[in-house]
Amino acid sequence: MRNISLLDHELIPKHEILATDELQTVLNHYQIDKEQLPKIKSSDPIIQEIGALEGDVVKIIRKSQTAGEGLYYRLVIK
Amino acid sequence: MTLSEATINSMVDDLPLPQNMVNTLKEDAIKAGVTKKELEEIIQQVMDNYGYACVEPCEAVGVVSAQSIGEPGTQMTMRTFHYAGVAEINVTLGLPRLIEIVDARKTPSTPMMTVALEEGYSDSRDEARKLAWQIEATHIGHLGDVTTDLAQMQLVVDLHEKTLTQRDISVDGIAGIIRDKLNVLVKISEEVDYQIIIQPNQPSYRELLQLAKNIHNVTLKGIEGIKRVVIRKDSDEYTLYTEGSELNEVLKIDGVDVTRTYTNNIAEIYEVFGIEAARNALVKEAMDTLSEQGLNVDIRHIMLVADIMTCDGEVKQIGRHGISGEKASVFARAAFEVTVNHLLDAGIRGDVDELNGVTENIIIGQPIKLGTGDVHLVATKPVKGESV
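For the record, the sequence lines run as chains A and B.
Going by the numbering used here, the first sequence opens with residue 1, and the numbers climb by one from there.
Going by the numbering used here, the second sequence opens with residue 1, and the numbers climb by one from there.
Hints are computed from structural coordinates only; laboratory data are not their basis.
These numbers come from a predicted model, not from an experiment.
Incorrect hints may appear among the rest.
Covered, in the sense of this in silico footprint (three residues per stretch, anywhere, with C-beta under 8 Å from a C-beta of chain A), are these stretches of chain B [as the list claims (entries may be wrong)]:
1. 133-147
2. 253-260
3. 265-276
Below, computed lysine-lysine pairings styled on DSS-like, alpha-carbon distance capped at 30 Å [claimed, not checked]:
4. Lys63(A) with Lys213(B)
5. Lys34(A) with Lys369(B)
6. Lys78(A) with Lys213(B)
7. Lys39(A) with Lys316(B)
8. Lys162(B) with Lys187(B)
9. Lys39(A) with Lys221(B)
10. Lys384(B) with Lys369(B)
11. Lys181(B) with Lys78(A)
12. Lys369(B) with Lys316(B)
13. Lys78(A) with Lys106(B)
14. Lys130(B) with Lys181(B)
15. Lys106(B) with Lys227(B)
16. Lys59(A) with Lys78(A)
17. Lys233(B) with Lys181(B)
18. Lys162(B) with Lys78(A)
19. Lys327(B) with Lys41(A)
20. Lys63(A) with Lys31(B)
21. Lys316(B) with Lys59(A)
22. Lys181(B) with Lys221(B)
23. Lys233(B) with Lys59(A)
24. Lys213(B) with Lys233(B)
25. Lys63(A) with Lys39(A)
26. Lys327(B) with Lys252(B)
27. Lys162(B) with Lys63(A)
28. Lys26(B) with Lys39(A)
29. Lys41(A) with Lys187(B)
30. Lys41(A) with Lys14(A)
31. Lys327(B) with Lys59(A)
32. Lys63(A) with Lys284(B)
33. Lys284(B) with Lys227(B)
34. Lys63(A) with Lys14(A)
35. Lys381(B) with Lys63(A)
36. Lys106(B) with Lys162(B)
37. Lys213(B) with Lys227(B)
38. Lys39(A) with Lys369(B)
39. Lys284(B) with Lys213(B)
40. Lys106(B) with Lys284(B)
Beta carbons: idealized from backbone N, C-alpha and C, even for Gly.
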């Protein structure tokens with residue numbers, strides 16, 4: 001297959017692995033545990049591409065019609 | 001004195017508002033030319049109104065969404081098929097399509113792809129045509145006439161020379177593919193040009209008739225499952241529309257613009273592009289289906305549905321095998337579908353229902369913990385003789 005980054009696709013928002021301290025801020029802000037975040041599978045093509053591991057939290061920067069830009073977090077699960 | 005652009009930016013940038021509102025506020029403030037005091041007042045008012053417009057914590061947004069989608073849904077046509085303006089390709093629209101989306105079906109009833117082309121292919125009709133032939137599945141029926149010769153116990157295929165050159169397939173190539181796929185004796189006729197003779201392994205009528213049937217199913221060129229490809233010129237570039245959807249295969253073809261290729265099969269998007277793309281596709285498909293019918297549903301309701309469907313990392317349907325079937329409460333599940341099964345299973349397992357949700361409390365006739373049901377009044381009774 002040709003070498004093309006899936007993240008360039010117009011349907012796929014930007015995904016990045018969240019650093020530990022940033023994760024703490026997010027969890028404190030919402031007053032939740034990591035396990036209460038929405039999930040994403042480690043077999044997801046995007047997770048494979050950015051190389052996130054099980055237990056990591058990815059930050060997703062969505063383009064939103066209503067807010068312009070929206071942040072979303074997903075916990076990587078098996 | 002009006003404020004400079006930099007000061008306005010610094011005052012507005014860090015406000016806890018959505019990006020869109022920050023941008024609009026900035027633009028308008030710069031255009032109107034405001035003083036510091038005015039801007040402060042504007043920001044105060046915007047913040048107040050924004051806070052007022054926000055959904056309160058614990059508000060039943062799901063019910064609001066359900067009603068907001070359900071009511072316009074009653075006005076949708078039951079008519080299944082419609083030519084959606086996209087190059088004579090038939091797609092399911094209206095209520096059946098909406099049901100398909102929320103049911104998260106593995107394959108939609110009319111899968112369709114929009115294949116964008118890379119530069120160098122998108123501006124030339126010939127290159128686009130060539131790609132189209134690479135994608136569209138070619139069967140023997142497209143290329144020639146198959147006749148069954150009962151006397152000689154063989155199939156005679158007369159190929160059309162013109163079609164072969166057009167689709168860039170050779171006689172040898174066809175013979176080879178048929179030989180490999182059906183494992184039969186294939187000869188290229190020596191007397192007649194562009195003729196192939198196929199014989200079954202055993203000279204029996206059954207084998208021959210079976211062969212005559214099977215030969216039409218062999219894909220000689222292109223991607224199996226793509227029935228038709230239509231080329232259309234949108235603004236100034238050629239785009240391919242396909243009937244049938246094989247995202248993974250199409251993306252492997254050189255000249256296809258991977259970043260703009262799209263299918264209406266959400267399960268395929270999930271597999272190839274991941275959960276976030278599937279969520280975006282859900283929103284897009286549902287919004288397109290509704291707006292095609294002239295219904296205006298706020299996108300936030302659709303986004304909520306899409307978020308719920310994708311929150312576990314896979315696309316789950318709204319229904320017995322998805323969201324509603326996974327609720328923690330026995331009563332809530334039993335209220336939806338297959339009531340007896342749920343109650344029976346819960347009884348056998350000895351499940352406990354904590355009665356935390358809305359459905360459970362309605363079933364047993366208690367106030368729900370929402371709206372007025374969520375408020376408790378506490379009053380101290382004045383003791384006799386004391387003045388209040």
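The hints, checked one at a time:
{"no.": "1", "hint": "133-147", "in the structure": "violated (count 0)"}
{"no.": "2", "hint": "253-260", "in the structure": "holds (count 4)"}
{"no.": "3", "hint": "265-276", "in the structure": "holds (count 7)"}
{"no.": "4", "hint": "Lys63(A) with Lys213(B)", "in the structure": "51 Å, violated"}
{"no.": "5", "hint": "Lys34(A) with Lys369(B)", "in the structure": "26 Å, holds"}
{"no.": "6", "hint": "Lys78(A) with Lys213(B)", "in the structure": "45 Å, violated"}
{"no.": "7", "hint": "Lys39(A) with Lys316(B)", "in the structure": "13 Å, holds"}
{"no.": "8", "hint": "Lys162(B) with Lys187(B)", "in the structure": "21 Å, holds"}
{"no.": "9", "hint": "Lys39(A) with Lys221(B)", "in the structure": "40 Å, violated"}
{"no.": "10", "hint": "Lys384(B) with Lys369(B)", "in the structure": "35 Å, violated"}
{"no.": "11", "hint": "Lys181(B) with Lys78(A)", "in the structure": "39 Å, violated"}
{"no.": "12", "hint": "Lys369(B) with Lys316(B)", "in the structure": "27 Å, holds"}
{"no.": "13", "hint": "Lys78(A) with Lys106(B)", "in the structure": "22 Å, holds"}
{"no.": "14", "hint": "Lys130(B) with Lys181(B)", "in the structure": "24 Å, holds"}
{"no.": "15", "hint": "Lys106(B) with Lys227(B)", "in the structure": "19 Å, holds"}
{"no.": "16", "hint": "Lys59(A) with Lys78(A)", "in the structure": "18 Å, holds"}
{"no.": "17", "hint": "Lys233(B) with Lys181(B)", "in the structure": "37 Å, violated"}
{"no.": "18", "hint": "Lys162(B) with Lys78(A)", "in the structure": "54 Å, violated"}
{"no.": "19", "hint": "Lys327(B) with Lys41(A)", "in the structure": "21 Å, holds"}
{"no.": "20", "hint": "Lys63(A) with Lys31(B)", "in the structure": "26 Å, holds"}
{"no.": "21", "hint": "Lys316(B) with Lys59(A)", "in the structure": "22 Å, holds"}
{"no.": "22", "hint": "Lys181(B) with Lys221(B)", "in the structure": "13 Å, holds"}
{"no.": "23", "hint": "Lys233(B) with Lys59(A)", "in the structure": "38 Å, violated"}
{"no.": "24", "hint": "Lys213(B) with Lys233(B)", "in the structure": "37 Å, violated"}
{"no.": "25", "hint": "Lys63(A) with Lys39(A)", "in the structure": "19 Å, holds"}
{"no.": "26", "hint": "Lys327(B) with Lys252(B)", "in the structure": "41 Å, violated"}
{"no.": "27", "hint": "Lys162(B) with Lys63(A)", "in the structure": "49 Å, violated"}
{"no.": "28", "hint": "Lys26(B) with Lys39(A)", "in the structure": "36 Å, violated"}
{"no.": "29", "hint": "Lys41(A) with Lys187(B)", "in the structure": "51 Å, violated"}
{"no.": "30", "hint": "Lys41(A) with Lys14(A)", "in the structure": "16 Å, holds"}
{"no.": "31", "hint": "Lys327(B) with Lys59(A)", "in the structure": "27 Å, holds"}
{"no.": "32", "hint": "Lys63(A) with Lys284(B)", "in the structure": "13 Å, holds"}
{"no.": "33", "hint": "Lys284(B) with Lys227(B)", "in the structure": "24 Å, holds"}
{"no.": "34", "hint": "Lys63(A) with Lys14(A)", "in the structure": "9 Å, holds"}
{"no.": "35", "hint": "Lys381(B) with Lys63(A)", "in the structure": "55 Å, violated"}
{"no.": "36", "hint": "Lys106(B) with Lys162(B)", "in the structure": "39 Å, violated"}
{"no.": "37", "hint": "Lys213(B) with Lys227(B)", "in the structure": "18 Å, holds"}
{"no.": "38", "hint": "Lys39(A) with Lys369(B)", "in the structure": "28 Å, holds"}
{"no.": "39", "hint": "Lys284(B) with Lys213(B)", "in the structure": "41 Å, violated"}
{"no.": "40", "hint": "Lys106(B) with Lys284(B)", "in the structure": "17 Å, holds"}
Taken one by one, the earlier hints fail for this structure at numbers 1, 4, 6, 9, 10, 11, 17, 18, 23, 24, 26, 27, 28, 29, 35, 36 and 39, listed in ascending order.
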